[in-house]
Structure formats: structure tokens, C-alpha cells
Amino acid sequence: MNQSTTEIEETPYVDATQHREANHLGMWMFLATEILFFGGLFSCYSIYRWTYPAAFAQASNRLDFWIGTINTGVLLTSSLFMALADLAHHAKAVRLTRIHLSLTALLGAVFLGLKFYEYYQKYVEHLIPGPHFAFPDAPPQAQLFFFLYFAMTGLHAAHMIIGLCALGWLVRRTTKPAWTARHSDAVSIVGLYWHFVDCVWIFLYPLLYLAGR
Amino acid sequence: MQVAEPTRKILFSAYAALLILLAVSAGAANEHFSHLEKLLIALLIAAAKCAIVFWIFMQLKYQRGLVRIFALVGFFWLAIMAGLIFADYLTRGAG
Amino acid sequence: MSLLAAPIEKPPLPSYLEAGHSVRSWLCTLDHKRIGLLYLFSITFFFAIAAVAAALMRIELLTPAGDVVASDTYNRLFTLHGVLMVWFFLIPSIPSVLGNFVIPLMIGARDVAFPRLNLVSWYLFIFGGAFTLYSIVGGGVDTGWTFYTPYSSTYSNSHVMAMAAGVFITGFSSIATGLNFIVTIHKLRAPGLTWFRLPLFIWSMYATSVIMVLATPVLAITLLLIGLERFFGVGIFDPKLGGDPLLFQHLFWFYSHPAVYIMILPGMGVVSETIAAFARKPIFGYHVVAFASLAIAGLGFLVWGHHMFVSSQSVYAGVVFSLLSFLVAVPSAVKVFSWTATLYRASISFETPLIYALGFMGLFTIGGLTGMILATLAVDVHVHDTYFVVAHFHYIMVGGMVLGYLGGLHYWWPKISGRMYHEWTARISALITFIGFNLTFFPQFVLGYMGMPRRYHAYPQEFQMLNVLSTAGASILAIGYILPLIYLTWSFFYGKKAGPNPWRNPGLEWQTASPAPEHNFETTPVVNGPPYDFEVLPEESV
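Chains as they are written, first to last, in my numbering: chain A, 1 to 213; chain B, 214 to 308; chain C, 309 to 850.
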């Protein structure tokens with residue numbers, strides 16, 4: 001066995017490989033739950049878009065195409081840096097790992113910044129569903145679109161914020177080589193989560209921003 | 214204990230592919246296809262991007278079959294849910 | 309030769325009960341066995357509250373007039389009963405209590421795959437329970453446990469958000485438990501323990517965990533949508549905006565139908581174990597039963613529309629759901645046949661766990677067959693929302709699942725407590741439960757068929773006699789619930805000490821001391837034969 005006796009006491013695993021494989025299975029299983037969690041919203045979106053195509057197209061055109069497209073590029077780039085961070089972590093290049101993790105987080109923050117700017121714009125344009133919603137010439141189902149827009153991107157943003165916290169935690173932890181040696185898959189596991197949240201956006205972008213074009 | 218993983222070159226190639234796909238989907242949206250064609254293109258491109266992220270960035274290419282099954286099972290179940298719900302909506306007006 | 313059982317010659321390892329006596333050692337434990345007990349206390353607490361609500365309902369239903377509580381109060385009572393029983397008792401019962409305790413022992417592991425996540429799952433359960441209790445204390449919810457829109461999302465004036473938040477949080481406890489079990493069963497099996505050497509309880513728990521993981525997120529998003537609609541005053545189930553209240557039902561039942569399989573599969577697993585144990589034979593058709601568990605889990609996701617036959621769902625979809633619902637009964641029936649075949653010409657001893665298992669077999673069969681009746685679209689038009697449905701699901705949930713839970717609790721009690729309960733008291737208690745249960749719920753089949761609707765606190769005079777019988781049965785059933793609470797607790801402190809293997813069973817969990825040692829096994833067991841191999845047994849146990 002290649003674990004100290006204290007670790008044998010603390011974990012139910014035979015060796016680190018088994019532990020790592022279990023961690024990966026666990027995270028993928030969690031991502032499967034996320035697919036179904038977001039999937040519920042995607043299903044609602046699909047049903048309503050199929051039922052009210054014109055209203056959805058009209059509402060979608062009020063979204064900012066350029067912010068959406070740039071934000072997609074931002075997230076894809078953040079995923080690249082996350083993957084590079086994973087490589088660096090396995091190569092035990094501590095400083096490079098932290099730089100890449102920080103860049104990932106920075107791009108994530110840029111994404112959120114643009115997102116909240118968009119939200120503010122929608123507020124100013126009276127497109128937030130509720131008593132102050134005003135979209136003249138559009139059928140009432142346009143509000144359904146905007147409700148789903150805010151629910152889906154809002155849930156996505158919440159996941160991004162959690163991801164940023166995880167990245168911050170990783171940046172701190174990877175300063176300690178002993179921790180890095182014991183948790184050689186930590187960056188991979190957080191990376192899986194981060195890439196997944198990126199994938200959610202990959203689907204959100206065309207469905208929300210390109211529906212009306 | 215070293216697990217197979219992508220090289221930097223592979224990662225950058227995947228990234229380039231993703232950006233190209235993004236440009237195509239943004240461009241296609243502004244072209245003169247029908248709504249249905251645009252939807253199909255958009256979804257296919259999104260699926261392709263997602264596949265690249267899963268395969269390369271999330272390293273499914275280097276994992277065993279069991280991990281791949283775990284990765285895909287959520288999509289499969291989502292398809293069941295969406296599919297059977299749609300079966301209701303699609304057949305409501307009929308008969 | 310089935311197992312390499314190391315005879316216990318050295319002084320015994322400290323049991324999990326002796327490893328720390330402080331409150332902190334319990335509340336911060338990472339030991340799956342202690343977490344199982346934490347769950348045991350918690351779900352018993354919620355069961356008691358839900359049972360009191362049921363008692364009040366049955367007292368109200370003694371007379372045709374609605375004279376004990378107001379109709380609004382009655383609505384809050386059945387909502388409370390449903391919510392607490394489903395999410396705070398039935399769903400966590402066998403998985404989080406017995407599953408947590410037994411699974412690592414059964415597969416020869418030291419703990420589950422993610423012990424800290426296991427503890428977190430209990431805290432999520434408690435946190436969710438706190439929100440739900442808050443909503444109850446604040447006056448409760450009147451929407452029914454099904455939270456149908458647009459009543460729950462727009463018009464109800466009750467504490468829907470708090471209760472929905474409570475269930476939402478508890479859902480993550482469910483997901484965490486399921487995730488933990490799946491990875492545990494994949495990765496932590498002892499050497500030589502291949503998939504087809506696993507006990508059938510593990511197969512059932514695996515299937516249950518798959519459902520927990522894949523179905524519960526949909527419940528979460530559905531409750532979130534209700535919360536958003538209530539909070540912001542606008543939502544996607546609002547007909548004024550073009551929303552469809554039926555979409556809520558689709559999403560809700562996509563989870564809630566598989567949820568009933570979360571509730572019954574573990575009970576079936578317990579029955580497989582106890583029948584094998586007390587017939588002293590391997591389960592007939594082991595592979596078929598294992599695959600049947602998976603089939604139930606899979607097919608269970610395809611049938612949810614049978615809750616919506618009269619909801620204005622498309623008739624064609626209804627027909628498809630009806631057919632699929634017939635199909636899902638098949639693997640369940642296969643299991644009942646297997647258990648029966650196992651008992652045939654077996655060396656049977658009527659210990660308490662077997663009595664519960666036999667009760668399960670009979671009552672689950674009735675529940676299942678009446679489920680087929682309900683799955684028949686045309687019949688359901690008449691009995692939907694009547695007491696026929698209520699009787700059907702109580703036959704499964706109480707006659708099936710609760711008996712399974714009690715049977716499992718008795719079966720593994722020696723491993724949990726290190727003591728034996730008093731056998732004759734337990735047998736009589738099981739019999740009382742069985743009689744009380746049937747007296748409570750059989751009349752309800754007749755009532756439903758005669759047309760008495762559910763969720764009403766007043767009813768026409770001609771239904772009174774059957775209702776009185778039902779309430780009488782409920783009071784007997786209550787005794788059947790209270791007795792184990794008393795004698796099991798008593799036995800924990802004063803019962804006769806059980807040895808490692810009081811049932812003389814070849815299972816891995818019985819090859820270690822009772823109560824189980826803190827780290828389960830002194831040395832990792834090695835398995836080189838099939839399960840239920842009663843031919844080769846360890847020497848006499850105490």
C-alpha cells in the first residue's frame with residue numbers, strides 16, 4: 001500500500017489510484033445530476049419555444065448578440081486555461097498552475113461582469129418579468145422567454161460563482177506542496193465542474209441569443 | 214501512477230476548433246436560413262462544442278468506459294424526460 | 309467454500325458505539341454506522357409527527373360531518389402527512405438508515421466512498437427538515453404533497469416557499485446518499501466480490517441510488533420554479549402568460565414516480581435478504597432478481613404520466629404511459645415469484661424478519677395488482693383521486709415498504725446494537741401491525757371504488773361504516789408502530805447479547821463482531837464464492 005497508516009485510518013481506500021478513480025466517478029455522477037437539474041429548465045424552454053416560436057424569436061432579438069457571443073468566447077478561453085492548469089498541476093509546476101487557475105478565475109469574473117451589465121441593461125429597458133415588464137408589440141408569452149432567460153442564466157451564474165470560489169480555494173491550497181502531493185486530482189475535479197458549467201453556457205448561447213435571428 | 218492526458222498542442226487545437234465553431238454559429242445566425250435550419254445548425258454546433266469539451270478538456274478520451282457511461286447517462290435520461298413530455302404536447306391537438 | 313471467515317480469537321476491536329461518547333463524536337462522526345443511527349433518530353422523529361397528523365385525519369373521518377377540524381386545517385394535515393412521510397421518512401428510511409449501516413459491511417469495505425459527504429447528507433437532511441418544520445409551525449401548507457400549480461405557485465396563502473425550500477434542501481441529501489452508494493459499490497468491493505457475488509440487497513440499493521441521483525435533480529428544479537413564481541409573482545406555469553400548469557405536473561411526476569421506486573426497491577432488497585436468511589437457501593433466480601431491480605429502476609422513469617390520465621394530458625400519451633405502466637409491473641412480479649420459489653421446500657424458521665417479509669410479499673402483491681388496475685386508463689378515470697388510490701399506495705408504502713423497513717431493522721438489529729430483541733414480543737408486534745394495517749386500508753379500496761374522494765374531511769353518510777373500520781384499524785396499527793419503539797429501545801440497553809452471527813448467516817456483515825467494530829473488519833475479507841452459501845457455515849455462534 002502506498003499510503004501512511006494514518007491515511008489508511010482516515011479513508012476507506014486501498015491506495016491513491018482507487019481514491020482518484022472514485023473521486024472522478026463521484027464528480028461525473030454529480031455532473032449527471034446537474035445535467036438533469038439544468039435539463040428541467042431546458043425542457044421548459046423547449047416546450048414553450050415550440051409552442052410560441054414567434055414570441056420567443058421576438059424576445060430573443062432584444063438580447064445583446066455581441067455580449068452573448070463575446071461571453072461565450074470568454075468562457076471557452078477560461079476552459080482552455082483550466083485544462084492547462086490541470087496539466088501544470090500534474091507536472092507539479094506550482095507557479096504555472098496558480099497562474100493558469102488565476103487566469104481561469106479572471107475570465108470567469110469577466111464573464112460575470114458582462115452578464116450583470118446585461119442584467120442591468122434589461123432592468124433599464126423594463127424587460128425583467130414582473131409588474132414593471134414592458135414589451136410593447138410583443139405577445140404576453142415574451143415574458144415567458146425572459147423569465148426563462150433570467151432563470152437559466154441566473155442559475156448558470158450561481159454555478160459560476162461557486163466555481164470561482166472553488167478556484168480561489170485551489171489557488172490557496174496549491175501553495176502547499178504536501179497538499180498537492182496528497183490531492184493530485186483536485187485541479188482535475190474542479191476542472192470537470194468548471195468545464196461542465198461552460199458546456200451549459202455552450203447550449204444557452206444559441207438557444208437564448210440566436211433564437212430570433 | 215501517471216494517467217494519460219492531453220498535450221498542450223491537443224488542448225490548443227481543441228480551443229481553436231471551439232472558437233471556429235463559435236464563429237460559425239454566430240455567423241450562421243445572421244444568414245438567410247429558415248428558422249428550423251438555423252435551430253438545427255445551432256444545436257448541432259453546440260453539441261459539437263460540448264463533445265470537444267467533454268472529450269478533450271474533460272479528458273473522456275483518456276478514461277475507461279465506466280466513466281464515459283457516467284458522463285453520458287445524464288443526457289440519455291434528459292432525452293427520455295424531454296421526449297416523453299413532448300409526446301404529450303405533440304399529440305394534444307390530434308383526435 | 310464460500311467465504312474465508314477469520315474466526316475471532318483475539319480480544320475484540322472496540323465497537324463503533326464505544327469509539328467516543330461525546331456529543332461531538334456523534335455530530336462530527338465520519339463513521340457510516342453512526343450516521344445511519346443519526347438518520348434513524350431523525351426519521352423516527354418525523355414519522356411521529358406525520359403519524360399524529362394521520363391520527364387526527366382518521367379521527368375526523370370517524371363521522372361524515374367535518375366536525376373535528378376545519379376543511380382548511382384538514383388540507384394542511386394531509387399535506388403535512390404526505391410531505392413528511394414521503395421525503396422525511398420513506399425515502400431516507402432504508403437507504404439512509406440500513407443502507408448506510410450495512411452496505412460497507414456487506415461488501416467488505418471500511419466505510420463508504422465519501423465519508424464526509426455522508427455526514428453532509430445528514431446535515432442537509434436536518435437543515436431541510438428545519439425549514440419544513442418552520443413551515444408547519446407557521447401554519448402549514450394546504451396544497452397537498454404534490455404542490456400542483458397554479459394553486460401552489462399563485463393562489464395558496466400558506467407557507468409554500470418554506471416547505472418547498474425544505475424539500476429542495478433534503479433532495480440534495482438524497483442525491484448525496486445515492487452518489488455515495490453508487491461509487492462505493494463500484495469501487496470498494498472486497499477482493500473477489502464480483503458483481504454477481506453481491507447480495508441482492510446491494511443490487512437493490514444500487515438501483516435505488518441510480519434513481520435517487522437521476523430523478524431528484526428534476527424535483528429540485530421544479531420546486532425552485534415554484535419558489536421563483538411565488539417570490540417574483542410571475543412564472544412559467546401562469547396561464548395568463550401562456551404558461552401551462554400541466555408542465556409542472558410533468559416535471560413533478562418525472563421525479564415523483566421514480567421516487568416511489570426509491571421507496572420500494574430497498575424494501576425488496578431487505579425481503580431478498582431475510583427470505584434467504586430464514587429459508588436458509590439462496591434466492592431462486594439470483595440473476596433474474598438482480599436484473600429485475602435494474603429494470604424497475606429503468607422502466608420506472610417511463611411511466612409518470614399515469615398520474616395525469618385525467619389532467620388534460622394528451623390521450624395518446626396516456627395510452628403510451630398506460631402500456632409502459634403495465635410493463636413495469638413485470639419485474640416486480642418476477643421478484644415475488646422468485647421469493648415464493650425460494651420458500652418452496654425450504655428450511656423455514658418464522659423469525660420476526662421473515663414474518664415482516666411474508667407480510668411484504670402478500671401486501672405488496674395486492675398493492676401492485678391494484679396499481680395495474682389504476683394503470684388501466686379507462687378504470688382510472690373513475691377511481692382517480694378516490695380512496696382507491698390512497699389504499700393502493702398505502703398497501704405498497706406501508707404494507708410493503710414499512711414492513712420491509714421494520715423487517716430489516718429487526719434483521720440487522722444484532723449488528724447495530726449487539727443485542728437481541730425479545731423474539732415473541734416482536735412476532736406479536738408484527739402480527740398486530742399486519743392486522744391493523746389491513747383493517748385500516750382494505751376498507752379504503754371499497755370506499756374508493758364506491759366513489760369516496762380523497763382529501764375531503766366530510767363525506768356522505770353511506771361511507772361511514774367503512775371509515776369507522778379504517779379508523780379502528782389505524783389505532784391497532786399505531787400499537788404495532790409503538791411496540792417496536794419500546795422493545796427495540798429496551799433491548800438496546802438490556803437485551804440478550806448477540807454474538808457476531810446470531811442468524812448463522814454466510815453474509816460478510818455477519819463475519820465481524822456485533823455491534824460492528826469501528827472500522828468494520830479486522831482484516832479485509834476475501835470472497836471466493838456466491839452469496840447465500842448456507843452449505844458452508846462458520847461454526848456455531850452465540
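Calculated from the structure, these hints are not laboratory results.
Please note: incorrect hints may appear among the correct ones.
Claimed, not checked - Among the chain A residues that face chain B by a calculated CB cut under 7 Å, a handful are:
no., residue
1, 67
2, 69
3, 70
4, 203
Given the structure is predicted, the values throughout are model-derived calculations rather than measurements.
For each residue, glycine too, the CB sits at the ideal point set by N, CA and C.
Checked hints:
Checking residue 67(A) against chain B by beta carbon gives a least distance of about 12 Å; that is not within 7 Å, so the hint is violated. Among the interface hints, the one on residue 69(A) holds; its C-beta lies about 5 Å from the nearest C-beta in chain B, closer than the 7 Å criterion. Below 7 Å, beta-carbon pairs count as interface contacts, and residue 70(A) has none with chain B, the closest being about 10 Å; its hint is therefore violated. About 5 Å separates the beta-carbon of residue 203(A) from the nearest beta-carbon of chain B, less than 7 Å, and the hint is met.
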